[in-house]
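Participant: Let chain D serve as the given structure and place chain C on it in line with the hints.
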Amino acid sequence: MLKTFADQKYPGRLIAVEGLDGSGKSTQIHLLKRWLELQGLKVFFSEWNSSSLVKSATSKAKKRELLTPTTFSLIHATDFADRYERQLVPLIRAGYIVLCDRYIFTAFARDIVRGCPPEWVRGMYSFALLPDFTFFFKSKLEVSLQRILDNRPQLKYFEAGMDLDLSPDPYESFRIFQGRILDEYLAMSKEFNFTVIDANQGIEVQQSMVRELVAAKLDLAAFAQPKR
Amino acid sequence: MVTSMESNSMPNGPKIHFKRNEKRHVRIPKISRKQFYGHGIPGVDTEKLAGKLIVVEGADCSGRSTQIHRLVEWLEGSGHATVQVGLKLSNLVSEELEQAKQGNILSRVTLSLFYATDFADQLENTILPALRAGTMVLADRYIYTLMARDLVRGMDESWVKNLYSMALIPDAVFYLNVAPEELVQRNFAKHSSLDYWESGIDLGLARDWFDSFLIYQGLIEKQFHRMQTTFKFTTVDGHRSADTINAELRNKIEDVLEGRA
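Residue numbers (my numbering), protein chains in the order written: chain D, 1 to 228; chain C, 1001 to 1261.
Next comes chain D alone, as it looks inside the complex (with noise of 0.2 Å):
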C-alpha cells in the first residue's frame, strides 16, 4: 500500500483536489490557496499536466490527435514525474504546503475508463507518494457537464473522449466520457480515502468546510514563512 507524505515524516502536506471538469475544484483550491498565502504560510500550488517542458509535446500531440490510449497515459505520466520529482517533493521537504489541482487519481480513472490495464497505471505511479489530504467534489453529472458546455461550446477531441469512439456526436461522446470517469472515481474513494464535498452546495459553504477540514487536520502554524 502506498503511504502519505505524513507517514513518511517529511516536515510539508500535500493537498489534492479531484473531481470532473466543471465539478468546482479550482475554484475551490484557488480559495483555499489565498486563506493559506494570507496567513503566511508556504504554499505552493501545481495543475496536472502544466510542466513546461512536457507540456509542449502533449499539446501537440493532442492538437494532431496523435495519442492513444497508452502514450496518453505515458505522456501525463512523464509531465506527473516532471513535477513530482523537481517540485512536489523538494518543497514538501521543505516544509512546504503543496496544493495540487488534480493527482493521481485523475490518471486511475481516465486511463482506466480509456482501457489501460489498471495494474499497469497504478504501477506506472507507484513512485508516488499518496496526498495527505484528497478532497473529491461530487457534483451531479449534469450540473458539471452545464457548467463546462456553457464556458466552452467547443468541446475538444480528448476532453470529449472523441478517441473512445462512444458517439459520433461530441457532446454526447463527453457525457457517456465523463459518467464513465465518475463511477471510476467513486469506486476508488474509500480505498484513498477521499474527503467527498458535495460540489452541489454554493461555494462559500464548500469553502468553510474545506477550511475547517484542513484546520482540524494540520498545524497550520507550523507552515509559517520564515520571519526576516
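Any given hint could be a false lead.
Heads up, simulated BS3-like pairs for lysine-lysine below, C-alpha to C-alpha not over 25 Å straight-line [claimed, not checked]:
(1) K227/D <-> K33/D
(2) K60/D <-> K217/D
(3) K42/D <-> K3/D
(4) K3/D <-> K1088/C
(5) K3/D <-> K63/D
(6) K62/D <-> K1101/C
(7) K55/D <-> K1088/C
(8) K217/D <-> K33/D
(9) K1232/C <-> K1161/C
(10) K1030/C <-> K1232/C
(11) K33/D <-> K138/D
(12) K1048/C <-> K1030/C
(13) K1222/C <-> K1048/C
(14) K1088/C <-> K63/D
(15) K156/D <-> K140/D
(16) K1190/C <-> K1101/C
(17) K60/D <-> K1232/C
(18) K1232/C <-> K1252/C
(19) K217/D <-> K138/D
(20) K62/D <-> K1088/C
(21) K1101/C <-> K55/D
(22) K1088/C <-> K60/D
(23) K1088/C <-> K1222/C
(24) K156/D <-> K55/D
To give a feel for the contact side, a few chain C residues facing chain D, derived at Cβ under 7 Å [stated by the list, open to error]:
(25) H1039
(26) I1041
(27) A1100
(28) V1109
(29) T1110
(30) A1116
(31) T1117
(32) N1162
(33) L1163
Just so you know, these hints were derived from the structure itself, not from any lab.
Heads up, the beta-carbon is just placed ideally off N, CA and C, and yes, glycines get one too.
Facilitator: What follows is chain C alone, placed relative to chain D:
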C-alpha cells in the same frame, strides 16, 4: 512469376534453370504466435501480427547499424518488406526528448517515462501496423537498453518491468556484446570524443570521462547479462568480423522465418 511457374511445371529441365528460378521464388515466412510481455496494448489482436520483429541491441559502436544495414539488404533481396525503428524517433516526443537530454534537466523517473512514451508511440504507430501488414521490423535497440539504463540508475526493477510490460515479445533479440575497453577504442576511432550519456556522466561514477565510460559500460553490460535469462535473448560476440557476425544473425533469422525459433 509466370516464368517461374512454367519452369516448375517442367521437372526434367536443365538444373541451371531451376537454380535461377529458385531465386525468384520468395519464401513465405511461417506465422508464429506473438505475445506481449504483460498487459500489452489495449485492443491489439496479436493473432493478426504476421510480420517478424527482430531486435539488435548493443552499445554505441558495437556494430548495430552495420548489422542492421546488412540484414535489411539481405531480407529485401530475399523479397521481404522491411521497416526500421530505433529509439528517440517517435513523432510524438522525439524533439522534446532531445531538448531535455541536451539540457540535462529531467530527473530519473521523468526521463524514463519520456523514453517509454517515445517507445510506445513507435510501438503503436510503426511496429504494430508494420507487423500487421506482414513486414519484417528491424529494431535498432528496444526496451532492453531502456531498462538497462534505468536499472543502472537505481530504478526499482519491478517498476521498470511493469512499465515495459506493454512491449511485444520480439521473434529474435541479438545482443552485440563488446567489452568496454574495445568500445572506447572504437568510439575514439569514430568520434574522437565520448558521448555524455553513453559515458554515464550523470551518475558521477568517476572524475574523468574515460574512467566513467568504462565503469558505466561495464554496469550496462552486467544488466544485459542479468536480463539475458529473463528475456531470453541471444548474446552475440561482437569482437568478430562483421561478416562472421552477420552469418550468425542470418542463421538465426532463417530459423525464425521457418518457424523453428
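Participant: With reference to the structure, classify each hint as holding or not holding.
Facilitator: Hints, verified against the model:
1. K227/D <-> K33/D: 20 Å, holds
2. K60/D <-> K217/D: 41 Å, violated
3. K42/D <-> K3/D: 23 Å, holds
4. K3/D <-> K1088/C: It is violated: about 34 Å lies between the C-alpha atoms, which goes past 25 Å.
5. K3/D <-> K63/D: Distance ~36 Å between K3/D and K63/D Cα, so the pair is violated.
6. K62/D <-> K1101/C: 23 Å, holds
7. K55/D <-> K1088/C: Within the cut-off at roughly 18 Å; holds.
8. K217/D <-> K33/D: 16 Å, holds
9. K1232/C <-> K1161/C: Answer holds: K1232/C to K1161/C is near 15 Å, not above 25 Å.
10. K1030/C <-> K1232/C: Answer holds: K1030/C to K1232/C is near 21 Å, not above 25 Å.
11. K33/D <-> K138/D: 20 Å, holds
12. K1048/C <-> K1030/C: 13 Å, holds
13. K1222/C <-> K1048/C: Given pair K1222/C, K1048/C is violated - Cα atoms ~36 Å apart, limit 25 Å.
14. K1088/C <-> K63/D: 21 Å, holds
15. K156/D <-> K140/D: 21 Å, holds
16. K1190/C <-> K1101/C: 22 Å, holds
17. K60/D <-> K1232/C: 38 Å, violated
18. K1232/C <-> K1252/C: 14 Å, holds
19. K217/D <-> K138/D: 21 Å, holds
20. K62/D <-> K1088/C: 19 Å, holds
21. K1101/C <-> K55/D: At roughly 16 Å apart (the allowed maximum being 25 Å), K55/D and K1101/C satisfy the hint.
22. K1088/C <-> K60/D: 17 Å, holds
23. K1088/C <-> K1222/C: Satisfied, since the Cα-Cα distance of roughly 24 Å is no more than 25 Å.
24. K156/D <-> K55/D: 16 Å, holds
25. H1039: 4 Å, holds
26. I1041: Since the shortest Cβ distance to chain D is 6 Å, the answer is holds.
27. A1100: 6 Å, holds
28. V1109: 4 Å, holds
29. T1110: 4 Å, holds
30. A1116: Check passed: Cβ of A1116/C comes within 6 Å of chain D, closer than 7 Å.
31. T1117: 4 Å, holds
32. N1162: 4 Å, holds
33. L1163: 6 Å, holds
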